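Construct the entire structure; sequences and hints are all you get.
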Amino acid sequence: MYAYSTSKLHCEILQLFSRIEYQLPNLIVTAMTKESLYAAFENGITAEQIITFLQQNAHPRVTERVPSVPENVTDQIRLWEADLNRVEMTHAHLYDEFPSRDVYEEGCEFARMHGGLLWEDAKRMRIVVKAEIHMHMREHLRGQNK
Numbered sequence: 000m001y002a003y004s005t006s007k008l009h010c011e012i013l014q015l016f017s018r019i020e021y022q023l024p025n026l027i028v029t030a031m032t033k034e035s036l037y038a039a040f041e042n043g044i045t046a047e048q049i050i051t052f053l054q055q056n057a058h059p060r061v062t063e064r065v066p067s068v069p070e071n072v073t074d075q076i077r078l079w080e081a082d083l084n085r086v087e088m089t090h091a092h093l094y095d096e097f098p099s100r101d102v103y104e105e106g107c108e109f110a111r112m113h114g115g116l117l118w119e120d121a122k123r124m125r126i127v128v129k130a131e132i133h134m135h136m137r138e139h140l141r142g143q144n145k
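Residue numbering for the sequence shown follows numbering that gives the first Met the number 0, starting at 0 and increasing by one per position.
Simulated from the structure, these hints should not be mistaken for laboratory data.
Check before you lean on any hint, since a few could be wrong.
Distance ranges between label pairs, derived from CB positions [as the list claims (entries may be wrong)]: (1) D74 <-> A38: 14 to 24 Å; (2) A38 <-> S6: 51 to 61 Å; (3) N42 <-> H133: 47 to 57 Å; (4) T45 <-> H9: 10 to 20 Å; (5) S6 <-> E70: 20 to 30 Å.
These numbers come from a predicted model, not from an experiment.
C-beta: ideal position from N, C-alpha, C; glycine also.
In structure tokens:
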């Protein structure tokens, strides 16, 4: 991107989501990369905020075009944001050696009631629960085995 600006603020904002290649007194040359955008997303900046900034600060000649920011650029920014938000990590524990179907079903119900059931496989009697309820789940299952 070429930003014709003398504003330190514009330079700082551009640096939040792009890599500064060159900086001259009235020109800032930046590159928006997957890595620079991921860093921005990790810092809480959204794709829509970046796109809005680019649209609002486009050169007057560019704003005569519709859209002022090319669709392939806006689509790619949104795609990378969606890609980053696609997977969510959750600390969890797997339970897979239940002595009986009844104990398995009790364990599932207990985890469900406490909002900790992440996954279950009734056929193989396996469940995955959130780490936050692991200790309570273990205590509950010990009580069931007696």
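Mind listing which of the numbered hints don't hold for this structure, in increasing order? 2 and 3
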